[in-house]
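Make a model of the complete structure from these sequences and hints.
Residue numbers (this note's numbering), protein chains in the order written: chain C, 1 to 345; chain F, 1001 to 1516.
Treat the hints with caution; some may be incorrect.
Under the rule of at most 30 angstroms between Cα atoms (straight-line distance), these lysine-lysine pairs were calculated in the BS3-like manner [as the list claims (entries may be wrong)]:
(1) C/K339 with C/K3
(2) F/K1127 with F/K1193
(3) C/K339 with F/K1221
(4) C/K201 with C/K126
(5) F/K1120 with C/K224
(6) F/K1193 with F/K1120
A few chain F residues that face chain C, going by a derived Cβ cut-off under 8 angstroms, partial list only [as the list claims (entries may be wrong)]:
(7) G1062
(8) F1339
(9) A1349
(10) D1367
(11) S1369
The set of hints was computed from the structure by calculation and includes no laboratory data. Glycine residues also receive a C-beta, built at the ideal position from the N, C-alpha and C atoms.
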Amino acid sequence: MRKQALSGILGVLVALAIGALVLLLQGFNPVATYGALLQYSLFSASGFSATVTRAVPLVLTGLSASIAFASGPVNLGQPGQLIMGALGAALVGLFVHLPSVFLIPLCILASLVGGALWSGLAALLKRAFAMDEFIVTLMLNFIADYFALWVITYPLFDPSASSPMTRPIGTAAWLPDVGGVNTSVPVMVFAALVCWLIMSKGRSGYEWRMTGQNSLFARIGGCKVDRNYVRVMLVTGALAGLAGGLMIMGGPHRFVKGLGANYAWDGIMIAVVASNGISGTFLYGLLFSALQQGAIGMELVTAVPSEFIDVLQAVIVLVVVAGRVSLNIVFDWLATRRKLRESAG
Amino acid sequence: MARDVLIDLRHITKVFPPDTVALADVSVSFESGEIHALVGENGAGKSTLMKVFYGLERRDAGEIFFRGARVEFRTPREAISAGIGMVHQEILLIPEYTVWQNIVLGSEPVRAFGTIDVHKARQAVRKKIEEFQFNLEADALAGDISVAARQKVEILKLLYRNVSVLILDEPTAVLTPQEIPQLFSELMRLRDKGHTIIFISHHLDEVLTLSDRVTVMRHGKVVGTSAASDLTKVDLARQMVGREVLFSSQRQPQEPGEIVFQAQALNCSDNEHRARLHDATVTVHAGEIVGVAGVEGNGQFQLMNAIMGLAPMTSGTLEVSGKDITHADILARRALISFVPQDRARMGASVAASILENCIMTHHILDPSFSTMGGLGLDYRRAAAFAEQIRNQFSVNMGSAGDPFHSLSGGNQQKVILGRELLLETPFVLMDQPTRGLDVGSIEYVHQLLLDLRSRKRAVLLISADLDELFMVADRIVVMCQGNMVADLATDGTSREEVGYYMLGGKEAVHAQAGS
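Written as structure tokens, this is what we have:
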């Protein structure tokens, strides 16, 4: 755990240094660029608020991927599940008229159900026909994508709009801002906490992890591995769906074309960087969100194009993942030297 | 007969970080044309030493000489091209490939344009199989055959490559008693032709029968090298373990109690609808150890699957303590059956998980004291206390319970699994080759544990390929042959010869006796 944290921090620092080198080679001032990045992501009230709001889908889809990968199922359907969750929340928000106290929880529930239905479909196909969820969830992403596009282009099209989108959901379903921060953020933090409880303190988390590492061992041990598989798929689908729902309820308040385009893929990437750990996913989600948010400011103040952040993100992924292994090699080498000196002396 | 030094390992040191000194200044030399046994308990450093020589592990200090010249094999491929081959404990075959494909892999006979000469390759492999009298199907998938057969494929793979130095890491651990003499006579013939064989083993009898010289290792150091003819089994065990070891049975006479386990007419078939278990019937009483003997692949695996509920039976009934579990799910069976599987890494543990996580499997469901929040939560403090209990009660040598399971030695891994299973306190215990791959000290411990279970009136079914083991602890021995229970013998009223006769199904047995 401590090694993980060390390799993470070192990795990010090294990646930032590599980014600075790239900036220098391009003739930009790295100090000014990183300054702007920080200014617009963390060190201003509006920047910070935007960063944590942006972190909502990143962290949630990241948690979805982390829990799935740690428990066995290769659920790569976060993009599709996010869309179906968003659609669920949008439908309830559009057609159900209730006071906020009831409507907001109902919308959140709809987004959870939407995502879980979509991953549940993959789980069903696996159970019934032994179809690998790896490919099924990937393909379902396309179906969700075009299904949502059809929905917002035809049945739910807002005639006053120039591009495919729904009408705004009822204001009672909007997640309010409190102290400048959207309330989708505390919902996300709460969800992350529940995930941590399940995985680190729960019986399910233990069984899921054991099943993910060696399902025959778990099965012989008396765990209901098939039931656990379905549960993991449903839970991780619901998490991705929640990401979509919160994006609608906290953000544009309607389903617009291209909603959540890259967040879910970033979430999968975050899970990989965090090696499927819950707290790691949470922290990397915040980091990546800060980078993406800061990129907008950086582009405003400096001449550095925001694509630089894509490069920086990729470098972070590579350095952290590679660094985990190489740091172990360094630790091992140091321990070996020490031991050799001991046995010689 | 004076022989030349062929391989000279000097002052080899190897550290496994963070603080395990696997080899501490080890020097051994192997002579040309000898069978040289390397013996020692698990973790003594035998395999590591050979892996360092073979280019699989890097040493941290020391020098290696081969045929008088200083050498440095960086990969096994370099070692093989120098004429040195190693058969590992872990089996590294491609399960989706057939036996012959696995054997020729990497040195396939090719025709023009680089296509593999399938006919020639299969013929060559068939010839090798015949030459060494290995009971193998050249066209069977490696993933479908038994562990023993897979090991044979590994040995054949090197013989196919015509190596002159053969390193065998516990080759007999998975062979049946009938197959061992064949392997040995083949190894001796290879030796007589000038091959050098380095033989890593735990089995002291084998070591003394087969080898010319023996090097004993303990805790990463060489205890000594002596001619096998100067050694007795007791000497060897004392050198290995550092104390006296019991080899004779401690089984005290005891009246068995009521029937605990009853399997009636179990039938099951494989994917091709061949019957793999035929009307198998076994009864185990309280305070009784019943051994299941048989050449590997004669239905023991199916019997284990049927008892544990891992694969469906076509007919038959199972009963434990009067409860019918024929159709029960695995969890319901686990409340009545402790199970120690033969393959620790596949069935017995999650090697990547922590020791603690491996300790609490099954208990986390069956024992309510492990749950918090009305069954939703897992009490990790209780789990830690339980891991501590296993450590103390089963003398597991481990660092922290949070360390990964794979950091434990084989013997200690088995102790954790035994502890976990036996603390389930079930009336019936199923053990599938519980001493496979363990060292002398650990085997003695397991046998002691088995007899202890017997005196505490548990019913034990022990599947084993080791007749010595069965004769040492079992009250009765049932023999399996081609899915049938062909004999049910009281241990005190039978002999190894009789059991061997039934294991081979009669006719072949006469043959084998005439041959040896």
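Q: Starting from the hint list further up, note which numbers the structure goes against and sort them upward.
A: 5, 7, 10, 11
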